Structures are given as structure tokens and as C-alpha cells.
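Colleague: Chain order of the listed sequences is D, Z, L and S. Just so you know, we're using the numbering used here here: the first sequence kicks off at 1048 and counts up by one. Just so you know, we're using the numbering used here here: the second sequence kicks off at 1048 and counts up by one. Just so you know, we're using the numbering used here here: the third sequence kicks off at 1048 and counts up by one. Just so you know, we're using the numbering used here here: the fourth sequence kicks off at 1048 and counts up by one.
By construction, these hints were calculated from the structure, which means they are not laboratory data. These numbers come from a predicted model, not from an experiment. One or more of the hints may lead you astray.
Treat identical chains as interchangeable: a pair holds within one or across any two.
As the list claims (entries may be wrong) - DSS-like, lysine-lysine: derived pairs with alpha carbons at most 25 angstroms apart:
(1) Lys-1292 with Lys-1166
(2) Lys-1155 with Lys-1243
(3) Lys-1292 with Lys-1053
(4) Lys-1292 with Lys-1140
(5) Lys-1373 with Lys-1140
(6) Lys-1108 with Lys-1098
Protein chains: 4
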Amino acid sequence: MIISTKHGTPQIEITKMVESFQSMGLRVSVITGTDYTVMGLVGDTTHLDEKRIRANPYVDKVQRVSEPYKLANRLFHQEDSIVSVRGIPVGGKEKLVVIGGPCSVEGKEQIINLAREVKEAGGHMLRGGAYKPRTSPYAFQGLGTEGILDMVEARRVTGLPIVSELMSADKIDEFEECVDLVQIGARNMQNFQLLKAVGRMTKPILLKRGLANTIEEWIMSAEYIMSAGNPNVIFCERGIRTFEKYTRNTLDLSVVPILKLKSHLPVIIDPSHATGDWRYVESMSLAAIAAGADGLIIEVHDHPESAWSDGAQSVRPDRFRTIIEKGRTIAQVIGRDM
Amino acid sequence: MIISTKHGTPQIEITKMVESFQSMGLRVSVITGTDYTVMGLVGDTTHLDEKRIRANPYVDKVQRVSEPYKLANRLFHQEDSIVSVRGIPVGGKEKLVVIGGPCSVEGKEQIINLAREVKEAGGHMLRGGAYKPRTSPYAFQGLGTEGILDMVEARRVTGLPIVSELMSADKIDEFEECVDLVQIGARNMQNFQLLKAVGRMTKPILLKRGLANTIEEWIMSAEYIMSAGNPNVIFCERGIRTFEKYTRNTLDLSVVPILKLKSHLPVIIDPSHATGDWRYVESMSLAAIAAGADGLIIEVHDHPESAWSDGAQSVRPDRFRTIIEKGRTIAQVIGRDM
Amino acid sequence: MIISTKHGTPQIEITKMVESFQSMGLRVSVITGTDYTVMGLVGDTTHLDEKRIRANPYVDKVQRVSEPYKLANRLFHQEDSIVSVRGIPVGGKEKLVVIGGPCSVEGKEQIINLAREVKEAGGHMLRGGAYKPRTSPYAFQGLGTEGILDMVEARRVTGLPIVSELMSADKIDEFEECVDLVQIGARNMQNFQLLKAVGRMTKPILLKRGLANTIEEWIMSAEYIMSAGNPNVIFCERGIRTFEKYTRNTLDLSVVPILKLKSHLPVIIDPSHATGDWRYVESMSLAAIAAGADGLIIEVHDHPESAWSDGAQSVRPDRFRTIIEKGRTIAQVIGRDM
Amino acid sequence: MIISTKHGTPQIEITKMVESFQSMGLRVSVITGTDYTVMGLVGDTTHLDEKRIRANPYVDKVQRVSEPYKLANRLFHQEDSIVSVRGIPVGGKEKLVVIGGPCSVEGKEQIINLAREVKEAGGHMLRGGAYKPRTSPYAFQGLGTEGILDMVEARRVTGLPIVSELMSADKIDEFEECVDLVQIGARNMQNFQLLKAVGRMTKPILLKRGLANTIEEWIMSAEYIMSAGNPNVIFCERGIRTFEKYTRNTLDLSVVPILKLKSHLPVIIDPSHATGDWRYVESMSLAAIAAGADGLIIEVHDHPESAWSDGAQSVRPDRFRTIIEKGRTIAQVIGRDM
């Protein structure tokens, strides 16, 4: 960590700071300029709080040289982490996974039929929301436990592992028992109490990126889960909020090479929520694969026009199959399979 | 609600849509253009889900004419709501309230001393964080229950009502018993399960704006709380994320006249978190008052340079007093007191 | 265009508005609700000014149903436009074009050497900046005319068409004479006087997207060029400003399917400026091709560490060759060549 | 400037960098950590190009300690600059200036009438657009030279100095001769050729902030003008683009204390373009004054509903008078006059 002081800082204040850092076991080198002084801290600064240092009125700027995350950091874990979801490996050089299914579970028959179609089209897991984060309290909030049980039934019939969003800690037992991959939604990416809670689960976590969060903040949220004891985190990019109006959000595919560089955890892409429009899902899926993603999560619906939520971004099963077929050829070009 | 269809939509599809809306008790007027058809829905459309309508492949655009909120909407509640916090009225033409205190409670002695200074300087309530939302799992997470009890003791000594942030539903009993104004932080503005839970509390709620949320989304979060039974919501603007680097966030003071127009609920301003720099707190406080805010929440610390969190944005008690004194004269210019 | 009025608008005001629109040759349908009235305008509304309509104090909302662009609109020009750059066709089902070269021309020898390497690696055109938009007046501003003449010499030696950025109208004669594809930079995307000026040129225009502009605004800037007489516009996405700090900008690949849907003009991708980091250029290039882009523009430098500008985002010629080779296989998967 | 290198950088590369900086006359101090090396540069680094340093593959991070601007920097010019506009002083402890007038000049009679009303209400200067930056090529583009001459006539009649926007260098002679305060619009804030050109004018420049630009970039644009020879720059905040939909832009009033700290130049506020809605103009004007701004620029129109552009954000002359009257009392509270 590098700290620079303001013009005119008295020597005594600098000495106080240096001694304070040394007392934390850090080595401090000091550069004295004409207008300012710079302190370079050497040692483990992960636990130092930048804001607290900035509170010193003589401090001008604070810059981390090391990243603030450890467990999720590739620097300390060179090989790719492979996360197993009910036996399906995700990450590394493994086959890309494709997760398909409706935004919301709408009933047992619907989800079983869709599960069958997802499987026949070549999908590997089934998604379906039972607890839905909705901007309006008057909108459909999901079927709750009933929806989870419908998903379990669909898994029994098809064998597909199931993925669903957890919105509050009081449902953790239900998810621990029933769900194979526990999704933390974009709006909860910095719900730190929930992150700590799922950090105590044994099931892998699908961590969506917040709508206006940086990649560093996202990795820090993975660090929350990992530091609570759960090493099995998969990142999921689902678009960020920008000024663009033709799409619901803006898909940021550069997260793929960046996460691969900074972290050892897998990353999958959600082109459905990112674009909010089924017409852009195929091209963004192929782009995600070419960029090196470890998988896709795509909304699939038999009758998008009558879906209970987010039908506009759902593709029909036949298009889902096409995406997988085209995607596989692209995956092979870059040395993966799907 | 106004719905326009795509070029080339068959008449039968339009008929189907019209009948579907009519079956929900809405009146539908149809405008037939050369390139498109427009349907105007007349009636209560609050419960209609825009996304579900957009899912129809023949639909091009959907626009609400009425706002999607009812309980928080000034249209249906013309007079200002006055929210009482342990007997102190907030909103309407009441005196502006000033809330002061540290970012984090650091111990009983500290918070009692600060409470005294806040009171002597002219402050009306005491803030202090016991549960802290921190980006890093390695940063100080707050004193927890101990911090809440220290606040309670500070209230006993000074009589100041206390304000603190609630981060998870499992602490609701503690807050219901001890805290006078329950803060929902920016990162939890769309933690819908938590909103529903505090909607069942009897204490008033201080609802901070999310870092990248629109005012409409913010009011919808108030609607969540109100529709669960708690009408006592105070909005708190604390800055939004922008590209600016000289401040931590960008304070959006235009929320004041907008919320006054759209809603009947009070609004207060947090210049400390918004700017992240104590040097800008005074001018932004005065600006907030001139804009018509119902109060301020300001971080105050005796020794900002050694605060356990956010010292850089804390003012010392003497400056806090100055802000209140200057602020009062501005409040009087626009017909309020403080 | 659909116009809704505020609650309580007198009938006489509505009549005035209707008559005013009718006098412009538009047909007006009126829907009268309990709380508001809606007017649907049928006819050519391209020339109507939304802001002017909003100025009417009785108007609540104005929504365009038709897009505000005509010449760039696929609705009125179904087939793909193919733009020829010194004989090389760009767009439609043509081969993808790859443009390579340094950020800045640094001298005749440098640019000729790089041009040779770009050509040998499989590139089709040469880029090089002679007039550089720099945030600081103290930074290198480009070689100016000398740089353009160096580019001309590189074209003479290699046969590669040349691409360079025009920053002001006083250099139009120079560019008309020397440059094959005239770039309008991101910061000038809404420099409307310059857009009009290049609309009178005979050379094709490479129109970069502004750092915080929507796709609609971008197409409107193409419309400026086209309406001044120049139909040969190629869009170039180069990343938008977001909160992310690990990249210079955020590459928005969803522009590819959107522009293909909304417009008939070609679109190419600049992964170098978008990411600002050569380590992410290859994956983003392959993703762009998979998404359906018509080409790439990539910064190439022999010695990035001593480049006069933007070395951090430049790839070396051998990596440029690799990108083209891998990219070609992906292009073929989606039915194109490169 | 502080430069940190990547993990594993060979000593020889560090030596090369150190020697390179020393050869530029800078003093270099080196801190050697376990994982990285830090170089602190002491001396004038204004002319150093950060991006060029980052291009070195061994460099990890580059951080400026000194600001990249000199002429606009308060560090080197402690006293406030007072900019004179046709004899009216702006900045320092001078009276606040209020500029009023229509978005667009619509004719001689209109502008003369409005100038009279602006003057009678207490305004000090007249604004009016003759060259209009419009997103659509089909929208009204301004009266051009005729509009400027109408403004000149309004000045002759009322004595009010005139303010108008310059969009291209080819009109500089016209503006030099006729206009008292030359506005550079938000979309041209980084039109560097235009900045250089107005830097050679003798008239003061009103520099609007770009829609998505940081304050540092804005000051750098002032630096462009100043370094070309024109020291008379006034900053004008007009709102930045955010996700908010209830306002056209988001007014950032924190620029006032920040610019006062970082620079010695005056700053005025444009609440009309910032909010895009006349209903929010009064409260934002009062807030701007309380924040310490040196003046206001407000759109005033006799008949907003029939204005040729931007009527929705224009106030009528009587409200303009009210704003000045209330504003004066607030100015006096903070020790200024208006």
C-alpha cells in the first residue's frame, strides 16, 4: 500500500504514521519529495482499512498495490478451481455448462416439461425462480417453497441439477436440502449478511454481479463467501446498468478474461437478463463462448408471450438447441467442448 | 398504460390483447396507425406487469402514464406526511431535524461523549452504526448488540432518539425494542425480503437510496415497506455512484423537489457519505437546506483521524455546530426553522 | 408519437394541441381516460421536436413509436449497406475486415514497417493517428500533416488503405485527398458541425461511439452525416464509460445485433481502446466476431513499451496474426470469412 | 508520480526505468517490497504521460500525486481569479451574477423583450442560443448569424452583456466581435481543437461540463484554453448523465466546493439544463447559492409552451424575479451579495 501526504505535513505527523504502521508489523519506506512525502508499506496489508487511513487529515492519497482479496486471488491459487454441481464440473478446461429454464417456476407440469426440453436440447442444468426479486410489491413474487418442490420433481424426472435464487437467510435450510446451485442475485451481491450465511452452506454458490458494481467489489463478495468457509463460488455476469436504452442492461464480456487473470474461480454468462431481449441472446451467447466463459445460463420458455415474468428475454426450446449447437463449434475452435 | 405494437402485427393478435386487458377490468381504446397500433388502457394498472406485456412478441413499447406506486404517491395523499421519531416530528412544515454521530459506535464512553456534543451543538438525534456493511470481510464489521446497547445508554443520558442501520431480519426484535429510527442502508434498498420485514415493524424507517437506483425504484422500495403495514418512511439521499473521482459519490439534491412533488413522505440528506470528504459537508448541508430538505444526517467525530471507520468524512463537533447555526438562517429564509 | 396529458388538463387545451398537430399534416387519435388523455399521432413525425412538445405545461409524457432516424433506419432500407474503402467492401456478407496499426504515427520508417507487418499478418487496412485527442494540453498531440504523409507513403509501399482520425473541419481537404477511411473519434461523436462537414466529403466515415452515448444517439450522428449527403458510414464500438476500474472502458458487444436490427450500416469493433489492455484484446476480438461484427480495428505496435501513446493496449504483430488466424475459424463457424 | 511494478520484474528493468526518469530531470526514490517495487518521482511531472508509462509491461500501477493541471491549479495561484465580462466581475467575493434568457434566439423582437424582462427582474447578463447543438439533424439548428445580431441589438437596447454558444472555429471572428461571454457547450468540452482556438480569443469563456466527464477532465479542458493564452475561464455545471429518469440530467452541486479548493476560477450553475424541468429550477438555484456558486444561468421565456426549444425547462420572468429575490437573501447569509 502506498500513502502520500499533503503539502506541508509536519515531520512529526509523518513519524507518527510510520510508527503506527510499524506497530502493525509492516515495513515502511519513506520517500521525501519537495511537495509531499510518500510511504510505501511492505507486508500483508489485506486487513488495513483504506478509509481509516484516509481519515488522517494529513493523508492525500492511498493506493493499494496488492489486491484486497486473498482466497479468490489467482496469485495465491495458480490452478483453475473446478466447482462441482451435483457431479457436473464447472471451470478449468472442463466442458462448458449450459443452464436453461424459465425465469419463474409457474407450476409442476410447466417446469417438468421445460426440464425435458432443456435436457433434449443439450442443456446440463435447470434454472427456475421460486423466490423472485421484484421492483414492485404488487408484482408476482414467486411460488416459494412450492416452486422449489416443483424443481425437485423436475430434477427427479430428468436428472438435471437445479439452480434457484435464494433471497433471505431464513430459507437456507430449504436450499441446503433441495437446491444444487444456490444463486445470489444481483441486488443481493452486497447483502453481506446473506453472503456470510451462504458461506456456511455446503452447496456451491452462483454469485451474480451487482448492477453497478466493479469487478473488484464482485470478487470481494466472493471473498466473503469463501472466508466464511465455502470455497465453491461461480461468478455470473448478467449485465450492468448503463445509459443504453435499447437493452435492459449492458453485457460486459470483458469480465471473462479479467476474472481468469485475477481469480481462479469459474465464470458463466447470462445473456438473457443482460440484454432483456431474446433477439440478442444467440449472438451474445456465441460471443461469451468465444471470450472464454465456462458456461451460459439462458432463459427458456415454451410460450414466452404468456410467461409470468421476463418473457421478452426468453428463447424457445428450438432456439436454445440452436445456440448449443453453434456454441459447441465455437467452443471447439478455442479448445473447449460444450 | 399505453402499449404500441410492432409493424405488421395481425389484427387477430391485437384483438386477443384487447380482450385480455378487458378481462382484467380495464377499458381499452385503440388507435390504428399506418405502421403500428396503439392501445390505451384506462383503469387501475398498478398491478399490471410491464415486463409480462413486453414479452408478447407483437408488442413494441409499453409506457406507464400513471406512476406504479400508490401508498407513497402524493396524488392520492395530498398533505405532507409527518413522521414522528420518539416524539420528534419530521416533514411538512416542521422544524428541520439534524442527526449527528459517528459512523461506527466504538464504545460506551465514546458514544455518550459524542451524544453530549451532538446535543450541545444543537442536534436532535444521535446516529451510530453497530452493524456495518463493509466491502471487505476483513474490515471492522461493527460492535453488534453491544453497540446498540451503548447507543441506548447514550439516549438515556442525553434524551436523544437513536438511529442505527439494520442489515438483516434476524435482528428485528433487537431494533424494535431499542432503536428509534431504523435505517435501511443503500446496499439493501432492493433487499426486498428485508423491506417486507421492516414493513411489519412499528418503528419508523430511514430508507437510504441505492447507489445506482432511480427515484422511481426508491419510491417503490418505500411502497414495499408501506404495503406491508408501516406508513412511517423517511427518504435519505446519500449520493449516487457516478464517474466522478474527487468525491466518493455524487450528491443528488434534485431529489428534494422531485420527492416533494411525487410523494408525501419526508426527505433528509446525508452529505457525509455522499461526498466522503468533511471539507465539502458544510456547503452541501447548506445547499440541502436551501433545496427544501426536511433534515440532515451528518457524521460527527471527536477525533476523525482515529475513527474506526469513515473518519475522512466526519466533521468535528465545533464544525457541526457551525453548520447548524448557518443552516438555521438559511432555513428561515425559506420559511422553515431548524 | 404518443402524447399523454396531465391530470386535470382542460378540454380546450387538448383541442388546441390536436389542431396544432393536424395543421402539421398529422392524423390525431384521442383516448380519454379518467385521469388523463392520450393523443396518438399518425404520419411522419421525424421532424417533430419532442422537447418542444414537452414544453407545453399540460403535457405529461411524450413517447416516440417510430425511431427518429430515417436514412440509417433498416425499416426503409432492408438490405445491408456495403461500404467500399478504396475497393475493400465492408458489411453485409463480405469478408470481415481487420484494421491494424499504431495509436500514433511516430515517423515514416515506423509506420512503413508496421504497415508491412500488418499486411503480412493478414490485416486489410492500416490505422495510425496523426491528430490526437488528448486530455492534457501538455501531452503529445500527434505529428499532424507530416503523420498523414507518412501514412500515404506506407500505403504506397504496401497497398493498404489508410484510416486516420479527423479532429477539425479545417483539415478536411487534407483528409479528402489523402485518407481512405475518415475516423470521427468518440469525443467528437456529437460535434455536430464536424458531422455536417464530413457529410459533404466523398470518403467513407468511421464513426466511433461516444463514451456515454446511447445507440440511438449514435445512429442519429450517422443520420447527420447521411443527411448531409454522405451515405458511407461505418459504426465503430470502442467501449463506453462505466464504473469498472480494471478496464479503461467497457466494450458493449450487444451493439452488434442491435445495430444489425435497427440499421443497415456496417459495424466494426475496437477492442484496444475498449479494454485499454492488450491482455484482453484477443478474447474480445474473438467475441466480437462471434457476435457478428463486420470487422475489427486493433492497435498494433512493434515495441508497445516505448510507444508514444497507448502502448499498454497495443498487441505485437505476432499476436495480431494469431488473432486473425483464430478469428477466421470463428468467422467461418457463423458463415463469414475473414 | 508513484509507479509500482509487477511481481517478478527483473532488477535490470527497474534500473532502466529509473535511468529513464532521471534523464528527464526527475529525482527517483525506490522502495523494494517482497512482491513489488515502487518508484516515487519527485519534480515537475506535468508533462509525463501516464499512459505511456503504463505501456511498459513491467509497470502495474501509476498514480499521480500532483494534479496534472498547473495554470488552473489553486496551488500555484492562491487568490481567486475574477473574470470580467464587459465590466461585470465574476468570482471571488464579488456579487453573484445571474444570466437569464431563452434557450434559442427566436427573433429580434422576442430577444429584446426578454432582455428587458431579464434586466427588470434583476438579471445581469442575457443568454440566447444562435447556434444550437441538436441530437437530430432534422431539429431546429438556430438562427445563426442573424440570431447573434439580434442579441447585439438586445444588448444595445438594455446594456446587458450577451452570452452565446460557439460550436465551431469558423465562427470565432463573429464571436470575438459580437459576444461578451463565449460558451463552450457540454458536447464540445473535449473538442480540443475548439478549446485551443478559443484559447486565442480575447473574450472570456464559459466552459460547460461534459455530460459524463470528471471534474479533473473539466479542469484539464480549462487548462487547454489557458495554456493557449486565454486566462479568463468560468466553469459552468449543467448536470451530468446518470440513470435517473425524472430529470434530464443530475445536477452535481459538489463541484462548487471542489472547484473552489482545486482551482481559482469562478463557477456558475445552470439549473435549467441540469433538471430539464422548470418546476425544479427555483430550489436548485437556491441550493447552488447556498453551496457557494458565483452565479446562475437560467432559461427564461415569456411563453415556454411555444418556445422553439427547451421550453419545458424555462421559467417565466416573474418566477425569475422571485428566484433572484430569494437567492439574494441566501447569498447574504453566506456573506455574498447578488
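Colleague: Now, for every hint given, state plainly whether the structure supports it.
Modeller: Each hint, compared with the structure:
In this assembly of identical chains, Lys-1292 and Lys-1166 lie within 25 angstroms of each other by CA distance neither inside one copy nor across copies; the values are 34 angstroms within and 39 angstroms between. Taking the shortest Cα distances, Lys-1155 and Lys-1243 never come within 25 angstroms of each other, neither inside one copy (32 angstroms) nor across copies (27 angstroms). Proximity of Lys-1292 and Lys-1053 under a CA criterion of 25 angstroms is satisfied inter-copy only: 18 angstroms between copies versus 43 angstroms inside one chain copy. Taking the closest pair of Cα atoms, Lys-1292 and Lys-1140 never come within 25 angstroms of each other, the shortest separation being 36 angstroms inside a single copy and 28 angstroms across copies.
In the homo-oligomer, the alpha carbons of Lys-1373 and Lys-1140 lie at most 25 angstroms apart both inside one protomer (19 angstroms) and across protomers (18 angstroms), since each shortest distance falls under that limit. For a Cα distance limit of 25 angstroms, the shortest separation of Lys-1108 from Lys-1098 qualifies both inside one copy, at 10 angstroms, and across copies, at 20 angstroms.
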